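Protein chains in written order, with the numbering used here: chain A, 1 to 113; chain B, 114 to 226.
In short, the hints are calculated from the structure, not lab data.
Some hints could be false.
Straight-line alpha carbon distances no greater than 35 Å define the calculated DSBU-like cross-link-like pairs of lysine-lysine that follow [stated by the list, open to error]:
| hint | chain 1 | residue 1 | chain 2 | residue 2 |
| --- | --- | --- | --- | --- |
| 1 | B | Lys170 | A | Lys42 |
| 2 | A | Lys56 | A | Lys105 |
| 3 | A | Lys105 | B | Lys191 |
| 4 | B | Lys127 | A | Lys42 |
| 5 | A | Lys68 | B | Lys170 |
| 6 | B | Lys170 | B | Lys127 |
| 7 | A | Lys42 | A | Lys68 |
| 8 | A | Lys105 | B | Lys170 |
| 9 | B | Lys170 | B | Lys124 |
| 10 | B | Lys127 | B | Lys191 |
Among chain B residues calculated to face chain A with C-beta under 7 Å, some are [claimed, not checked]:
| hint | residue |
| --- | --- |
| 11 | Phe179 |
| 12 | Leu204 |
| 13 | Thr214 |
Here the structure is a predicted model, which means the values were calculated and not measured.
Note that the Cβ used here is the ideal one computed from N, Cα and C, for glycine as well.
What follows is the residue order along each chain.
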Amino acid sequence: GESVGLHLPTLSVQEGDNSIINCAYSNSASDYFIWYKQESGKGPQFIIDIRSNMDKRQGQRVTVLLNKTVKHLSLQIAATQPGDSAVYFCAENSPQAGTALIFGKGTTLSVSS
Amino acid sequence: GAGVSQSPRYKVAKRGQDVALRCDPISGHVSLFWYQQALGQGPEFLTYFQNEAQLDKSGLPSDRFFAERPEGSVSTLKIQRTQQEDSAVYLCASGPRRADTIYFGEGSWLTVV
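Chain B extracted, bound-state conformation:
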């Protein structure tokens, strides 16, 4: 597709379950970001990939959060042993090489019950 695609759009998980969120970036985009957005707040940075290399994971809130982009295209954000405070929208964004503008997907809405 033409834009960043994320799946699932909505996910309800029981506390303690593991979840995996997928991101298909815009074709050819080198940079890929994951952001977390709580209700009523701006997006908060989680992690950044350049191709398959995870260059910055300083925003991941705990070791329960893990992201990968093994072939430099599709990325997966995994959250282990989900907790209620993990409930948020998880946004993926991608950008072209050596450019600062990034384009967001529609987000994956995670609710932990």
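For reference, chain A alone in the conformation it holds in the complex:
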């Protein structure tokens, strides 16, 4: 089975709200995590990453939080915009997976204005 998964398949928010997308992973040995955004008809686009020696990392309008105790990863998007509408995937790099990133199923974020 998959070692990375998301709590909710869909999330609907209003423009301007903050969005939180969650991801649970099962492999405690995973040491690197990435969030990707995938718009319809396009390839996954890198958003932000975090290594296991950190618990928080901030980018432009996005923050990733890592809770290794409960093996939980979240992506926070501030002031969500219609252009943020997409499918969001978390991915992990696990020693068992070698060099490959393992992806979850994704959360579809819909932003209404």
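Using the hints, position chain B against chain A.
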């Protein structure tokens, strides 16, 4: 170009035909990955190259799938005797030396009829 380039973007193949999908990675990137993405799912790992060496092909679903990267740059994913279950988006990604972040192309959409 600046990003990963894939061709063709769209391919319709009759069942039993052979197809070849091309990937031009970001210039200078050592690592190259192929992923398969079914509709509504996250990308699934197929194979990994470091320069011209195929170091991991554990994700290739059958011996009908073959990938090569003879000069350590452009890669081709070949699918022989295509079947309907091969219909998916085939994503190529590349990454710099000794880094975990990988950057995806727009994908090749394969439909087998």
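Against the structure, the hints:
1. Lys170(B) to Lys42(A): Holds: lysine 170(B) and lysine 42(A) sit about 24 Å apart, inside 35 Å.
2. Lys56(A) to Lys105(A): holds, 23 Å
3. Lys105(A) to Lys191(B): holds, 26 Å
4. Lys127(B) to Lys42(A): holds, 24 Å
5. Lys68(A) to Lys170(B): holds, 30 Å
6. Lys170(B) to Lys127(B): Distance of about 26 Å is within 35 Å: holds.
7. Lys42(A) to Lys68(A): The given pair, whose Cα atoms are some 31 Å apart, holds under the 35 Å limit.
8. Lys105(A) to Lys170(B): holds, 22 Å
9. Lys170(B) to Lys124(B): At roughly 23 Å apart (the allowed maximum being 35 Å), lysine 124(B) and lysine 170(B) satisfy the hint.
10. Lys127(B) to Lys191(B): Holds, at about 15 Å.
11. Phe179: violated, 18 Å
12. Leu204: This hint holds: leucine 204(B) lies near chain A, its Cβ roughly 6 Å from the closest one there, short of 7 Å.
13. Thr214: holds, 6 Å
Going down the numbered hints, you'll see the structure goes against just number 11.
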